[in-house]
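Working from the sequences, and respecting the hints, build out all of it.
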Amino acid sequence: MTLSVTLQHAFAGFTLDVAFEAPPGLTVLFGRSGSGKTTVVNAVAGLLRPDRGRVTVAGRVLCDTPAGLWLPPHRRRLGYVFQEGRLFPHLTVRQNLTYGARFAPKGTGGGDLAAVVVLLGIGALLDRRPGALSGGEKSRVAIGRALLCNPDLLLMDEPLAALDEARKDEILPYLERLRDETAVPILYVSHSVAEVARLATTVVVLQAGRVARIGPASEVLADPATAPALDLREAGAVIEARLVAQEPDGLSVLETSAGRLYLPRIEAAPGTGFRVRIHANDVILSRARPEGLSALNILPGTVETVHLGDGPGALVQVRSGSDLILARLTRRSATALGLTPGTPCHAILKTVAVGRGDVGSGL
Amino acid sequence: MQGLLTAEEWQALALSLKVGLVATAVSLPFAVAVALLLARKAFPGKHLLNGLVHLPLVLPPVVTGYLLLIAFGRHGMVGGFLERTFGLVFIFRWTGAALAAGVMGFPLMVRAIRLAAEAVDPKLEQAAATLGAGRLWVFLTVTLPLMLPGIVAGAILGFARGLSEFGATITFVSNIPGQTQTLPLAIYSFLQAPGGDAAAVRLVVISIVIAMAALVASEIVGNRVARRVAGT
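Just so you know, the sequences run in chain order A and B.
First residue of the first sequence: 6, per the numbering used here; consecutive thereafter.
First residue of the second sequence: 7, per the numbering used here; consecutive thereafter.
Hint data in this document are derived by calculation from the structure and do not stem from the laboratory.
Wrong hints could be hidden among the right ones.
Selected chain A positions facing chain B (in silico; Cβ < 7 angstroms) [as the list claims (entries may be wrong)]: (1) 52; (2) 79; (3) 85; (4) 95.
A virtual CB, placed ideally from N, CA and C, is assigned to each residue, including glycine.
Take a look at the structure:
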């Protein structure tokens, strides 16, 4: 395992007791504010000394309280991207970026500045000072600075939380490239389901200082039992799709294991892989294959599980091909349609329900 | 220029600048250390240290001078030790004038630097640590540069206070031309002597010019450093 964490720490009125292991890729620590996400990251970074715990990254033990081992932050070789950026105001962007290089292990000399500058698109900013940067630019520089100290693990504490929607859309592609093009594993704190859907390889759901659920993003997001812990209104599965054709009327055709998906134009070459988030609220279920319907996407499948909520709602998980789709309906509809595990049905999705932010680069 | 002042007046001016600069340079590192201690650390006796540092600000200067005389005189506890160990003598020497100037300027330096130290965001120091910087590096590359505006302001304040020092100096090291007779003491002497008014006025003008120059310099340097640190 790339990252292995066991932590116990007591604050006044709050105890943290978590254990999880994360494979390579991007692991999202998901939870509401106060669930202990930042505490976990700070303990991994060495900014918080836990009462008890053991943390290993890429086989290196950073903290092992039973053995009395605790490395200070500057010897952990982790990159930490803070929520507020925390760029050094008295240094230029270039000096900020290269700050960690002199401390990187001998011979590595830090990461490749030119490559990181291109990856994050910050070439034009190098001689500026942080005070003259926009929020999105600061975020990218902060990511670059952490990356350039050649870390064994990149920690990101809600790097998008302080940004408006437009700036988030600006940064998300860079984070995807970071996940897909570098070998550095990432531990990413977030309370946004949208970010989980776009970025996560693995999700660790934290609730009141405990791990409520851990698993691959596509599984966790499509699990009706977990959805309330995330955010019911934001519930929705993520499925893999590959662009096959661009239609002249502005649609893109994607191939999924469930069938063809027509989505608003995605600017990419055919063959490109995507992960598409399908909001549970946007999915209609039908027992019979509907006729004379305006919706373009009709995916056949079978009901996997039905999760009845406390209120009028129900979450139904449908297996379509090898993908899982989540639909949010009323209990009344679920009963009327006789939806039980094994029932064949069709999941219907309007093309225009899928927004630009719902389509991310490949799983 | 030579004709502008008499040799005695030149001597007072040169001595004043030397005393002021040495006092500032020597006390600055201590002021930074004490300011950091007061700004960052909680320890028993913190109020006592704070009070001790600020005492010269509120005590009559004569009292400070007398205390210096007791402590740093040849038979004083500290003075005797310093003379035996380092051959350093304060009494009736320019070094004593510098010590008096330093002690009187110290509280002003500490106040300015402490404010700057409190304004440094510890989160930036944490960020530096996660990037691999040990404590000394964090201090040298983040804490100290961010405190620089306060340090510059404190140094100039301390220097100006040192130049204007009178009461503690005359009590501690007396009024000896060429050794301890700084500008204020020289002005005082000229005013006491018959016919010394013209010389006193010349030195008064010079004092005003130096004070103004120090204030303007502090404003310019302070602004420049503050802009640098603010990151715009």
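Tested hints:
Proximity of residue 52 of chain A to chain B holds as hinted, the smallest CB-CB distance being about 6 angstroms (cut-off 7 angstroms). Hint status for residue 79 of chain A relative to chain B: holds, with the closest Cβ pair at about 5 angstroms, below 7 angstroms. Using the Cβ-Cβ criterion of 7 angstroms, the hint placing residue 85 of chain A at the interface with chain B is satisfied: the shortest such distance is roughly 4 angstroms. Interface restraint check: residue 95 of chain A against chain B, minimum CB-CB distance 5 angstroms, threshold 7 angstroms, status holds.
The structure shown violates none of the earlier numbered hints.
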